[in-house]
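*Asks:* Full structure from sequences and hints, please.
Chains as they are written, first to last, in my numbering: chain A, 7 to 140; chain B, 7 to 140.
Hints in this document: simulated from the structure, not taken from any laboratory.
As the structure is a computational prediction, the values presented were derived from the model and not from experiment.
Pairs count within a copy or across copies, as identical chains cannot be separated in the list.
In silico lysine-lysine, PhoX-like type, Cα no more than 20 Å apart, as pairs:
hint, residue 1, residue 2
1, K26, K128
2, K128, K77
3, K58, K120
4, K26, K58
5, K73, K128
2 protein chains.
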Amino acid sequence: MLGRLNHVAIAVRDIAAASKLYRGTLGAEVSEPEALAEHGVTVVFITLPNTKIELLEPLGPDSPIAKFLEKNPDGGIHHICYEVEDILAARDRLLNSGARVLGSGAPKIGAHGKPVLFLHPKDFNGTLIELEQA
Amino acid sequence: MLGRLNHVAIAVRDIAAASKLYRGTLGAEVSEPEALAEHGVTVVFITLPNTKIELLEPLGPDSPIAKFLEKNPDGGIHHICYEVEDILAARDRLLNSGARVLGSGAPKIGAHGKPVLFLHPKDFNGTLIELEQA
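*Replies:* Shown next as structure tokens:
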């Protein structure tokens, strides 16, 4: 079921400083920041040869990463995203195995304009997993 | 400087249960557990089409992931590993930028038999970064 690792998402307090670090110190290809108001984050994409890293900075009062940054003031790895071919088939397989899908269970349109679901970290070794229909 | 994402490492309490979860529920290709006494971990490799996930379970009393699991009882993402062409050139570039390299600064031989270094999470958005000479 699991396909490519689509991205690793890192929550940061200051996306300008984090971009400078990845572009300068680490010598990576880093996009310009993009504000995604409907997702409550400003995002930067770091392009690696085989996948990408996404830096996320909170945007607005109800950002989904605000609490994470309260608990992890330096920032940290927030989630990993795996691609699946069919998000509904993936969801049903997970629910049949007893794993919990966050929210209503209906896929939402994610930051890349594709259907996504998030899985409960308690059911996956403390790891927040996003599934994205490739 | 940064090359491919070599792997994402996830610390787990019970590598047999975590392997079953990835193989069964998530439908991924999962290797048999391998005890790496000199690294203080038992490791399992999950092969994705573009990179891999490594599950790490503590091995022995001085495991480098024991403290992490004390703080994160469910487990969690422990580090990410980026490939670099020349580990010594990478180290010197990092030190010249004021970033901290863990340990003596001399590369060690990592779990894949290649030279590796770890960078200080405080200097990289709370993320433990491993660099591996590809």
